[in-house]
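Trainee: If you're matching them up, the sequences are chains A and B in order. The opening residue of the first sequence carries number 1 in our numbering; numbering runs sequentially from there. The opening residue of the second sequence carries number 1 in our numbering; numbering runs sequentially from there.
Heads up, a few of these hints could be off.
What the hints assert, rightly or not - The calculated SDA-like cross-link candidates involving lysine to any residue, where the alpha carbons are at most 25 Å apart (straight line), are:
1) A/Lys-81 to B/Gln-41
2) A/Lys-81 to B/Glu-99
3) A/Lys-81 to B/Gln-104
4) A/Lys-81 to B/Leu-39
5) A/Lys-109 to B/Gly-40
6) B/Lys-13 to A/Phe-45
7) B/Lys-26 to A/Gln-36
8) B/Lys-26 to A/Phe-45
Claimed, not checked - Covered, in the sense of this in silico footprint (three residues per stretch, anywhere, with C-beta under 8 Å from a C-beta of chain B), are these stretches of chain A:
9) 18-27
10) 40-46
11) 71-81
For the record, the hints were derived by calculation from the structure and aren't laboratory data. Idealized CB from N, CA, C, for every residue including glycine.
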Amino acid sequence: GQSLEQPSEVTAVEGAIVQINCTYQTSGFYGLSWYQQHDGGAPTFLSYNALDGLEETGRFSSFLSRSDSYGYLLLQELQMKDSASYFCAASNTGGFKTIFGAGTRLFVKA
Amino acid sequence: DAGVTQSPTHLIKTRGQQVTLRCSPKSGHDTVSWYQQALGQGPQFIFQYYEEEERQRGNFPDRFSGHQFPNYSSELNVNALLLGDSALYLCASSLVTEEAFFGQGTRLTVV
Numbered sequence: 001g002q003s004l005e006q007p008s009e010v011t012a013v014e015g016a017i018v019q020i021n022c023t024y025q026t027s028g029f030y031g032l033s034w035y036q037q038h039d040g041g042a043p044t045f046l047s048y049n050a051l052d053g054l055e056e057t058g059r060f061s062s063f064l065s066r067s068d069s070y071g072y073l074l075l076q077e078l079q080m081k082d083s084a085s086y087f088c089a090a091s092n093t094g095g096f097k098t099i100f101g102a103g104t105r106l107f108v109k110a
Numbered sequence: 001d002a003g004v005t006q007s008p009t010h011l012i013k014t015r016g017q018q019v020t021l022r023c024s025p026k027s028g029h030d031t032v033s034w035y036q037q038a039l040g041q042g043p044q045f046i047f048q049y050y051e052e053e054e055r056q057r058g059n060f061p062d063r064f065s066g067h068q069f070p071n072y073s074s075e076l077n078v079n080a081l082l083l084g085d086s087a088l089y090l091c092a093s094s095l096v097t098e099e100a101f102f103g104q105g106t107r108l109t110v111v
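Extracted from the complex, chain A is given alone in its bound form (with noise of 0.2 Å):
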């Protein structure tokens, strides 16, 4: 089957640097995204990898690895407002179809 694996959920302190980490196994895999959620808001983009190795973004960066269907996310300098929930997402080639991983719910402490 078609899955991604993230952490439930992640605590992490204001300043701190956290690593949001993501398994996947997908026919067809191309490219992987990352989405920011907050409770009752739209998901929204924040970064993609379709090639290996880092994408930099600001505070966010992510990462990945093609032979170890292995990504992540890097997010610097936390702030209060980056309490939210975070998805990986897999995209197959054409980028026709996305599946999404179950989310990891991120807890920023002052």
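With the hints as your guide, set chain B onto chain A.
Mentor: Here is chain B on its own, set in the frame of chain A:
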């Protein structure tokens, strides 16, 4: 520039009824995907529409059907509603593979 808009925002239906949800994609986007999100879970892919055709479908029964219009807007129809269909239904539009823009969703409650 309006983002993805969905209507209605909330809906209550009775078991066995039919429902139609609507989505207008972000300006310039030609691809629309629909997702079902249960509370505390990730979005589950229902199907994707491109050029008025269903391009790919997830593991949902035939009770779930859709349509895309020439202006790229889309509808999701669910027949013979079950209690388990209660969820947040999200529409996402995209122009390129890697980034999808989501609407605020329609909260469907089946009683």
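Trainee: Report the numbers of all earlier hints that the structure fails to satisfy, in ascending order.
Mentor: Hints 6, 9 and 11 contradicted; others consistent.
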